[in-house]
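Let the sequences and hints guide you as you build the complete structure.
Counting in my numbering, the sequence shown runs from -4 upward without gaps.
What the hints contain is simulated information worked out from the structure, not anything from laboratory work. Heads up, some of the hints might be wrong.
Derived CB-CB ranges, DEER-like [stated by the list, open to error]:
#	residue 1	residue 2	range
1	50	8	46 to 54 Å
2	45	1	45 to 53 Å
3	41	4	19 to 27 Å
4	56	10	45 to 53 Å
Glycine included, C-beta positions come from ideal geometry on N, C-alpha and C.
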Amino acid sequence: MYDQAYFWTYDATTGECVLRVETTLAGGEGGSLLWSVWSWVSELTVFLVVPLVILIFNVLVIRELRALDRHCPSSAGASDRRAFDASQPPPGKHQVRRRSALSPYRPR
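Structure (structure tokens):
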């Protein structure tokens, strides 16, 4: 954010950073048009435009995932989901592998 450095200057007499006179008088007669426009544009970009772009991309991703779910026969869509059986885990999931006798990671 090197753009902010243009608007601020260090006042040695007060020891504070203050707005430059050139930026505060840009609107004429004490108005701060340049500073005001810069503040509005930068804050709207950060707090409105960026979140809206993120929201739009998330909606597009969700739509694409739904389209893939409908068109891909190998995925378990809402129409062909099997009833959940709590006594048996799904095949290939949650299986405990036993250590072999030759495993180098066995306790001593």
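Given a hint of 19 to 27 Å, does the C-beta separation of residue 41 and residue 4 actually sit inside it?
Holds: the Cβ-Cβ distance is about 24 Å, inside 19 to 27 Å.
Quick one: are residue 50 and residue 8 within 46 to 54 Å, going by C-beta?
holds, 48 Å
Are residue 56 and residue 10 spaced within 45 to 53 Å by their CB atoms?
Given about 50 Å between the Cβ atoms, the range holds.
Status of the given 45 to 53 Å range, CB of residue 1 versus CB of residue 45:
Violated, since residue 45 and residue 1 (Cβ atoms, about 22 Å apart) do not stay within the stated range.
Checked against the numbered hints above, the structure breaks only hint 2 and satisfies the rest.
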